[in-house]
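Visitor: Keeping their order, the protein sequence lines are chains D and F. Position 308 (the first sequence) corresponds to 308 in the working numbering; numbering is contiguous. Going from the second sequence to the working numbering is simple: count from 1 and add 1000.
Certain hints may be false.
Unchecked claim - When the alpha-carbon atoms are kept at most 25 Å apart in a straight line, the in silico SDA-like pairs for lysine to any residue are as follows:
1) K258/D x D139/D
2) K266/D x Y296/D
3) K153/D x E1193/F
4) K234/D x E1350/F
5) K153/D x G1340/F
6) K112/D x P261/D
7) K132/D x D1458/F
8) K184/D x P1387/F
9) K184/D x E1350/F
10) K153/D x K112/D
11) K153/D x K1100/F
12) K315/D x P261/D
13) K132/D x E1188/F
14) K324/D x S1460/F
15) K112/D x E1193/F
16) K184/D x R1189/F
17) K226/D x A308/D
18) K257/D x K1100/F
19) K184/D x R1451/F
20) K1100/F x P1387/F
21) K112/D x D140/D
22) K324/D x P62/D
23) K57/D x Y281/D
24) K286/D x G1340/F
25) K153/D x E1350/F
26) K287/D x E56/D
Hints listed in this document are in silico derivations from the structure and should not be mistaken for laboratory results.
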Amino acid sequence: MKARIIAAAMAATILATLSGSAAAQNYPKRPVEMVIPFGVGGASDIFARQYSQIVEKYLGKPLVAVNKGGAGTIEGLLHAFGAPADGYTVLEITPSLLIVEAQNKSSVKFRKEFEPIMKVQSDVVLFGVSAKSNYKTLDDVIAFAKANPKKLKIGGLSPGGLDDYIANGFARAAGIQWTYVPYKSGSELKAAVLGGELDVYQDKLISFMSLMSGGDVRPVVVLNDKRLDVPALKDVPSSVEKKINFTQGSWRGFVVKKGTPEPVKKILIEAFQKAYDDPAYKEMEKKEMTNLVPGYMKADDFRKSWDAEFDGYYKVFSELGLVKQK
Amino acid sequence: MDIIIQSLAAVYNPMTLLLVSIGVLFGMVCGALPGLSTSMAIILLLPFTYSMDPVMAIVLMVSCYVGGSSGGSISSILLKTPGTPEAVATTFDGYPMAQKGKAGEALGLAVTSSSFGTIFSAIVMLVASPMLAQAALSFQSAEYFGLGLIGLSCITSIGAKNQVKAVVSVMIGLMVGTIGIDSINGVERFAFEQPSLLNGINYISVMIGAFAVAEVYKNIEEYRHVDTSLRTEQKVKIKLLKFSEMAKMWSSFIRGSVIGTIIGIIPAAGGSIASLIAYGSEAQDENANPKFGEGNPRGIIAPECSHNAAVGGSMVPTLTLGIPGSPVAAVIMAAFLIIGITPGPMLLREQPIMLNAIFLALITAALLLFVGGRFVTSQFGHILKLPYPLLGSLIVTLGVVGAYSLKNSFYDVLIMFTFGLVGYFFDKFKYSNAAVILGLILGEIIENSLRKQIIIGDGSGMGFFTRPVSVLVLTVAALTFLWPMMSKKLKKGKA
Chain D
1 MKARIIAAAM AATILATLSG SAAAQNYPKR PVEMVIPFGV GGASDIFARQ
51 YSQIVEKYLG KPLVAVNKGG AGTIEGLLHA FGAPADGYTV LEITPSLLIV
101 EAQNKSSVKF RKEFEPIMKV QSDVVLFGVS AKSNYKTLDD VIAFAKANPK
151 KLKIGGLSPG GLDDYIANGF ARAAGIQWTY VPYKSGSELK AAVLGGELDV
201 YQDKLISFMS LMSGGDVRPV VVLNDKRLDV PALKDVPSSV EKKINFTQGS
251 WRGFVVKKGT PEPVKKILIE AFQKAYDDPA YKEMEKKEMT NLVPGYMKAD
301 DFRKSWDAEF DGYYKVFSEL GLVKQK
Chain F
1001 MDIIIQSLAA VYNPMTLLLV SIGVLFGMVC GALPGLSTSM AIILLLPFTY
1051 SMDPVMAIVL MVSCYVGGSS GGSISSILLK TPGTPEAVAT TFDGYPMAQK
1101 GKAGEALGLA VTSSSFGTIF SAIVMLVASP MLAQAALSFQ SAEYFGLGLI
1151 GLSCITSIGA KNQVKAVVSV MIGLMVGTIG IDSINGVERF AFEQPSLLNG
1201 INYISVMIGA FAVAEVYKNI EEYRHVDTSL RTEQKVKIKL LKFSEMAKMW
1251 SSFIRGSVIG TIIGIIPAAG GSIASLIAYG SEAQDENANP KFGEGNPRGI
1301 IAPECSHNAA VGGSMVPTLT LGIPGSPVAA VIMAAFLIIG ITPGPMLLRE
1351 QPIMLNAIFL ALITAALLLF VGGRFVTSQF GHILKLPYPL LGSLIVTLGV
1401 VGAYSLKNSF YDVLIMFTFG LVGYFFDKFK YSNAAVILGL ILGEIIENSL
1451 RKQIIIGDGS GMGFFTRPVS VLVLTVAALT FLWPMMSKKL KKGKA
């Protein structure tokens, strides 16, 4: 009996290795699907599309972008989960996927079902106030918030998303309370800051810069461990320097479904790595200003970073009552 | 002067003119196909712009925006299937007009109004950009709430025949709109643990179902009882309206364009809301002949002018503040950033050519639309000569593709068919499908801005009455709600 089981196990292993290497030999035979769990036109969509074009050069087959933006990334997650683990489906990820898992919103547990390819970039977040605002520095903002809990309004996109986490996580670390107001689109949010409806503005660097360059917004803090190496921002303190230990930003990376044959995964990782080293990507990164804080991570480190971030999301969202109880 | 000559040289060279033509044509085709929105068209063009000169890239995208905004009405008029969200209002009078055999006129009218609206708003953009952009900032949550109410007041004109049923329909639309993750607290409402319901019911799939699919069901039912030979013999006239006839309706052109430009300038409110409001304001006249909803040409002119005027309007805050004026403008702005241009006040100072180039691109695209588009689109009218079984299948196929491609989700196709049935019975019992869509689109804006304003006011709703612009907008909303009833009372009083 025992021998039979061992034999069966051995046969299975051999078969798996064989099919694995066979898969690797022909891989990729056809175009690879790039699942973007966001709608068309956002920063993460455009990033994945641009990056796919560079990866194509090294993979030898086209990467076809497919937007599955439904249900706050859950539809994209389910779609990638439903596809076979053969390396023909790659999923783009951002903190949103970890947040969905932390809030227990999806039956598919992201960290358990997917394996990393690589983390490509980080996007740093800044807080600012309208140029017409009475607050000049972060200290002014914090002093007011301490004296008047919940009076200040900070905006963001989508309730229970990354912006919500950043607003509340920062407040928690700084020992203040303010009110988070979710907006439907970036344009409404920016208009609300300039029109005076919101007191505090948060945004990712590149779109923050576009409001700032016109002099409409005054930056007060960079959520990072040191100041940014940008002339216009050299006087803006970092959160860590202000003794507020909170540096969450956004980031973008890629994963495949667990069980993808190792050799196939290796080919994918290699192609994505070469794309990262390609001057075309360096150029793109420079234009979008995503090269200022280190984001790049190899698969192993990337996987490790998930757990730490997950704990942070779980803590803050439990306090906000946004973790779904089953 | 130098700048003007430079920008003329930048736009009027063979390569750029070719790009304008490609942009308009590609936009029109994508717009006409339900499910391929204008935003998607621009995203598809994006990779080709990487290697282009920035001015050329922008010219291409702006022309595509103009073409896309206009193309949506082709399928609205011919198939009762709005190709883009902007073209919903065009179905109200465009489709009945085409059914009366005036498809060519309706299409010609739509294209002419679109190009008029584009040119109107381009001029406003060039002349008054910085000033208007500042004014747009007075539009905050309280004012969005009022704007949503004005839009909702359209039901008094859409549902003129049976107000009670129209109100019931709008309520149903508002209720369907609450399904999904609520936008303020992130709470799931009526989602029943279904991930597919989390994002709510997409109004585009509802729209394709309730308009296009329901219409096909209705025709299938009638098909056996109708003498089919009539249909093929019934001549589909591909005739364009004369300019003198159009000139008589100048007031509708102006009204539509003004409304569209204003709503375009308001951040995040784009052509879809603009065209509904323009239609609502136009259809107040109940003595019109033919009646609104039965093929009145003014019912095409106003929304068509309006959504294309929103194109130029939405470029105003995009260029001067760096805040996109519509969802499509947001995509164009993302493209700006990729090309390496940062929109905002600095852009106008550092690259004055840009504004002029966009202006010229808008005008050129509009003229091209007017000259070429008028004849090209009117030829689409021949599609109505197809035998109905073929045409009906074509409509349903386009509908399925359109609904699926929204989010690449089969679930939207199910919604489409569900609302196809609902829409069929609504038609039969004289409830208003248009009012359902109206409730669905506007309910979200109204609820969201109402609740945001209350959060901002620390729990008090006084903000609605202390902000001057808000009071103005709310007054207009109240008047448009009550006007049809008041005018009836007044008339009775006189008689």
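Visitor: Give a verdict on every hint.
Guide: Status of each hint after checking the structure:
no.: 1; hint: K258/D x D139/D; verdict: violated (47 Å)
no.: 2; hint: K266/D x Y296/D; verdict: holds (17 Å)
no.: 3; hint: K153/D x E1193/F; verdict: violated (32 Å)
no.: 4; hint: K234/D x E1350/F; verdict: holds (23 Å)
no.: 5; hint: K153/D x G1340/F; verdict: violated (32 Å)
no.: 6; hint: K112/D x P261/D; verdict: holds (16 Å)
no.: 7; hint: K132/D x D1458/F; verdict: holds (21 Å)
no.: 8; hint: K184/D x P1387/F; verdict: violated (44 Å)
no.: 9; hint: K184/D x E1350/F; verdict: violated (31 Å)
no.: 10; hint: K153/D x K112/D; verdict: violated (37 Å)
no.: 11; hint: K153/D x K1100/F; verdict: violated (55 Å)
no.: 12; hint: K315/D x P261/D; verdict: violated (35 Å)
no.: 13; hint: K132/D x E1188/F; verdict: violated (37 Å)
no.: 14; hint: K324/D x S1460/F; verdict: violated (30 Å)
no.: 15; hint: K112/D x E1193/F; verdict: holds (21 Å)
no.: 16; hint: K184/D x R1189/F; verdict: holds (17 Å)
no.: 17; hint: K226/D x A308/D; verdict: holds (21 Å)
no.: 18; hint: K257/D x K1100/F; verdict: violated (56 Å)
no.: 19; hint: K184/D x R1451/F; verdict: holds (13 Å)
no.: 20; hint: K1100/F x P1387/F; verdict: holds (16 Å)
no.: 21; hint: K112/D x D140/D; verdict: violated (44 Å)
no.: 22; hint: K324/D x P62/D; verdict: violated (39 Å)
no.: 23; hint: K57/D x Y281/D; verdict: holds (12 Å)
no.: 24; hint: K286/D x G1340/F; verdict: holds (10 Å)
no.: 25; hint: K153/D x E1350/F; verdict: violated (34 Å)
no.: 26; hint: K287/D x E56/D; verdict: holds (21 Å)
Hint check: violations occur at hints 1, 3, 5, 8, 9, 10, 11, 12, 13, 14, 18, 21, 22, 25; the rest are consistent with the structure.
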